[in-house]
Each structure stands twice: as structure tokens, then as C-alpha cells.
Amino acid sequence: MTAGKFKVDVSLDSTVEGQPVLRFRRRFSHDVERLWRALSEDSELSAWFPCAVRLEQQVGGIVEFRFPDEEPDQGKVLELDPPHLLAFSWDQEVLRWRLQPDAGGSLLMLTNTIQDPAKIANVAAGWHGCLEQLAAFLDGSAGDTGQSHEQLVRHYSQALGQ
Numbered sequence: 001m002t003a004g005k006f007k008v009d010v011s012l013d014s015t016v017e018g019q020p021v022l023r024f025r026r027r028f029s030h031d032v033e034r035l036w037r038a039l040s041e042d043s044e045l046s047a048w049f050p051c052a053v054r055l056e057q058q059v060g061g062i063v064e065f066r067f068p069d070e071e072p073d074q075g076k077v078l079e080l081d082p083p084h085l086l087a088f089s090w091d092q093e094v095l096r097w098r099l100q101p102d103a104g105g106s107l108l109m110l111t112n113t114i115q116d117p118a119k120i121a122n123v124a125a126g127w128h129g130c131l132e133q134l135a136a137f138l139d140g141s142a143g144d145t146g147q148s149h150e151q152l153v154r155h156y157s158q159a160l161g162q
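Sequential numbering of the sequence shown, starting at 1, is according to the UniProt record's numbering.
Each statement offered as a hint is correct.
EDC-like mimics (lysine to aspartate or glutamate), calculated; alpha carbons at most 16 angstroms apart, straight line:
id	residue 1	residue 2
1	Lys76	Asp91
2	Lys119	Glu93
3	Lys7	Asp102
4	Lys76	Glu56
5	Lys119	Glu150
6	Lys119	Asp13
7	Lys119	Asp91
8	Lys7	Asp139
9	Lys76	Glu64
10	Lys76	Asp42
11	Lys76	Glu93
Here are the computed distance ranges between Cβ atoms for each label pair:
id	residue 1	residue 2	range
12	Gly140	Glu17	39 to 47 angstroms
13	Gly18	Asp69	34 to 42 angstroms
14	Pro101	Pro68	33 to 41 angstroms
15	Gly60	Glu150	33 to 41 angstroms
16	Gly60	Gln158	35 to 43 angstroms
17	Leu160	Asp69	29 to 37 angstroms
18	Glu33	Ser157	35 to 43 angstroms
Treat the hints as calculated values from the structure; they're not laboratory data. Glycine included, C-beta positions come from ideal geometry on N, C-alpha and C.
Please work from the sequences and hints to get the whole structure.
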């Protein structure tokens, strides 16, 4: 499903075990190496990700997520193939980031296994906003989806049949 005027393609699938998986695709005008730095270097990742992140760049390494006024949450690096693949666990979910060159830029493909199916639209809206923030960070501009989080949740609830 392409989100109309949105630059993010989102689809809903499931694992063999039946766990929901959100799949995102977004093109960037930046090369794979630049996009990789934004995904894997702590200072860059924390500039657009929804919280501060510390990432040990090795399989089995710790990924620490720090939201303001909350205890840190930890995940583990599950797969790492710079500059094309980064997968890590976070709160019983798995996020897999794949990058490939694409016509003068790069294509980012993000999959997020969802632990709670009731949160699919909310998670889709959240990643939509994050990917817009990533694009703005890379472009050196202010990120704005043009819609509130609640509007995006409604959009994805309808678009993904939730």
C-alpha cells in the first residue's frame, strides 16, 4: 500500500508463526553509506530516532534505548552487514533495516515484527514519522509529515484494515 501523497510505502504481512510484520520502503536521495551512518552511529541515530540510542556495532551487541524520564530499555544486535543490513531486537520485537543503492540514492526497507496486533496502526504511524524525520535530518531541514500522529494512525488503521 502506498500512502497516497506520502513518500513511505507500507504493507502488512505475517511471519510463518502468524506474527504481524509491518514492511516499510522509502527512497532517499542520499547514498547507502550516508544512510548507513544515520542508522548506525549513535549521535546520528539519536538525531532522528524517537529516543537516544547507544548501539554496539557487532552481532550480539547491546542496543540501549533511552526515553526521557524512563528507565533505559535494551535489545540486541541480531544481524549486521555494513552498510546493507542491521537487525536488532527491541521490547520483544525485531527491527530489520536493509539498504540498497537505488537510482541516484538509496532504498531503505524496514521490517518490524509486531508483538501486539492492536498496535499495528500506531506503530505504522510512528515509523512513518520517524522515516520523515530521518529524511529531514539527512536533508538538513525540519521534518514534518503535515499530519498529526493521530491522523496518521487513522490513515494506517484504514489503509491496513485495522
